[in-house]
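Student: Just so you know, the sequences run in chain order S and P.
Position one of the first sequence corresponds to residue 1201 (the numbering used here), numbered consecutively onward.
Position one of the second sequence corresponds to residue 441 (the numbering used here), numbered consecutively onward.
By construction, these hints were calculated from the structure, which means they are not laboratory data.
Please read all numbers here as calculations on a predicted model, not as lab measurements.
Backbone N, C-alpha and C define an ideal beta-carbon position, used for all residues, glycine too.
Please note: incorrect hints may appear among the correct ones.
[Unchecked claim] Within a straight-line C-alpha distance of at most 30 Å, the following computed DSS-like cross-link-like pairs (lysine-lysine) qualify: (1) P:K708 - S:K1211; (2) S:K1206 - P:K720; (3) P:K720 - S:K1244; (4) P:K512 - P:K481; (5) S:K1206 - P:K725; (6) S:K1218 - P:K619; (7) P:K595 - P:K705; (8) S:K1244 - P:K717.
[Stated by the list, open to error] Some chain S residues well away from chain P (every beta-carbon gap over 12 Å; in silico): (9) R1203; (10) K1206; (11) L1208; (12) T1212; (13) G1213.
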Amino acid sequence: MGRTLKELQPKTGGKIIKIQGTGAVKRRLMDMGVVRGTEIYIEKKAPLGDPIEVKVKGYNLTLRKEDAEKIIVE
Amino acid sequence: MLRNITIALAGNPNSGKTTLFNAFTGARHSVGNWPGVTVEKKEGKLHHKNNEMIAVDLPGTYSLSPYSLEEKISRKYIVDESPDVVVNIVDASNIERNLYLSMQLIELGKPVVIALNMLDVAQRRGHKIDHEKLSKLLGVPVVPIIATQKKGIEKLLDTALEVAHGKIKYNPNQVDYGKDVEKKIKETIEMLKGHVDISKFNLRWLALKVIEEDEEILNELNLTPQVENDEIAVTDEFSLEDDYESLVAGRRYTYITSIISKTVKKPKDEGLNTSDKIDKVLTNKWLGLPIFAGLMYIVFWFTFNIGNIFLDQIDGWFGTFGETVGASLEGAVAPWLQSLIVDGIIGGVGGVLTFVPNIVFLFIAISILEDSGYMARVAFIMDRAMRKIGLSGKAFIPMLMGFGCSVPAVMGTRTLENENDRLASILVVPFMSCGARAPIYILFAGVFFPGYESIVTFSLYVLGIVVAIMCALIFKKTLFKGEQSPFVMEIPPYKFPTLGGTGIAVWEKAKGYILRAGTIIFAASVLIWFILGFNFSGQVEMVDSIGASIGKIAAPIFRPLGFGSWQAALSLITGLMAKEVVVSSMAVIYGLGEAVGEAAMEGDVLGFAGALKTAGFTSLSALSFMVFSLLYIPCLAVIGVIKRETNSWKWTGFSVGYTFVVAWVVSFLVYQVGGLLGF
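Model the full structure from these sequences, guided by the hints.
Tutor: Now the structure itself:
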């Protein structure tokens, strides 16, 4: 169930239910507040289409689409 | 107590740490590198109520997990060096994420004071923070401050002193990680007790690090990951399976959220803040790129047009200074000493110092873009394009700066936190054709490609970019392969850069350039002066000098490239000092005198043309020579700064070696293929 963050359109969002994978990127994302139960909202894509900018815990964060794919939202 | 009190400043990037540090110490601080690494180390003394204290500005960090080199340094410092008090600066307008680091610091069991910064920003957004209650819930002192207005600094220092002296009894509260994780923590603590020397660590923190599979800690303790892929069933509100690492991070945030809900009141709908509004334009799908290009153009215009006004001035001063000193030394000292001082030292060091205005203006521009928060947007806009060549979006700015001068460009790679990205960028930046190469193009293109000067020059700039891209690709596939650096970056809100902050940042960088590059140039100037005027029997004409001998030895190397005379070889060697020297030293070496050299640099090439043609240059070998000049070893100032920024002779040597090889191969291809094609 749930969709990956990459599939979401700008100006939409959802609650994070899981972050897949392991390693540095996952650790970093979690340290930055991308953890289970948190609301995440897609602000926009970069002019060239990648990376994306999201709003999480009241601030703006940018990440690449391939990493957004690991974030499952409700 | 006679001992100095050490205050470590820890906090997230963009939390105002540097502003607070500057408020503490002013410009009276020293900047160096942390031992063994290239990350900046800032330290400054300050006095407060008869106490002498040392403030240490730790690199900005989001957590105490080792992710980047900087975070390793911050953690290592706090854990191993045990500062008397850790001042944790927290951005009040972004409190939730900022408290994540605070929780880790508290877990570590070190004396912590929280400096709750940017209250003005938070208030403007309508956030109300009960800092007293926050202090009670966290169990550590919380001092509200506004670092940019120097508000609350006294109180903060008072509190830090009291904590350092043990006068404030505080009882930090621990995160409750839930039954399952707490059980695991207990087990791990038991396991650790029997195993390792744990005296310097806080046991609970250590256990958490082991559970989080913190590689450095596991290595240090010589443990194997015990909990690897240890999935467990969780009975909390999510009723989902997850690994311990995620559980620890998740519950730490859950704990923070519960504290926030009791202490911070936010308006229900914040709407668009000013930053979002600005970003609607600046990172707009259609406008983002053109605005970015325009801003870059302004930066360059500012740096070179305004900088050059001063450049000519300084150049003039050094000329006059050299003449005056030369005249006053005439007869007073031996001619060789006069020549060393005037031609060697004043000429050489002056040549580097003339670039100081450009460097200062470039850094003013860059510093403003950085402090305003626009640089993060540049990385955001350019990441996709830069990724195609294996670099991060953050590497774009240094590459662009390379068109001006590689020295600030190499220094600019500091914004890259990934060490491999940074090295790859440092290695390819010198291929971006810097301003000092222009005189060479002007001269040779003017003599050998009349009417086509601009197209030849333009092609050389393009060639530099192509070579840089190709080398970056090769490096990423060979030397720096392995895991792709994550691009997970905060986009900070826009803010107005402060005059003081920009001033201090620019001063630090200019000082570094003048001092360090200056000392290396000084030594090199003396050396080059010496080899052009002496051989082992004493002072001689240039033809018999060590330099000429070196030129003769080196010449065969260049023969396959089309320019095998010792004069050409020697001028390339002297060009290592600064690439514009190639032209002026050619004039001197070919016996045309200084005047012709200067005329040539200014585009009057008639006198030079004959000499170059008699010296054996053809259109093809001239092209080959220009290509070689573009690509070969960067000048000494750049080599110096590469050494400083990589902190490694190995990489400096590699940079010198491989650029020479690349230049040789490309020039060889130009000359030989051109020859086959009948040019």
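Student: Look at each hint and say if it fits the structure.
Tutor: We went through each hint and held it up to the structure:
no. : hint             : in the structure
1   : P:K708 - S:K1211 : holds (18 Å)
2   : S:K1206 - P:K720 : holds (21 Å)
3   : P:K720 - S:K1244 : holds (9 Å)
4   : P:K512 - P:K481  : holds (13 Å)
5   : S:K1206 - P:K725 : holds (18 Å)
6   : S:K1218 - P:K619 : holds (20 Å)
7   : P:K595 - P:K705  : holds (24 Å)
8   : S:K1244 - P:K717 : holds (13 Å)
9   : R1203            : holds (16 Å)
10  : K1206            : holds (14 Å)
11  : L1208            : holds (17 Å)
12  : T1212            : holds (16 Å)
13  : G1213            : holds (15 Å)
Of the numbered hints stated above, none is contradicted by the structure.
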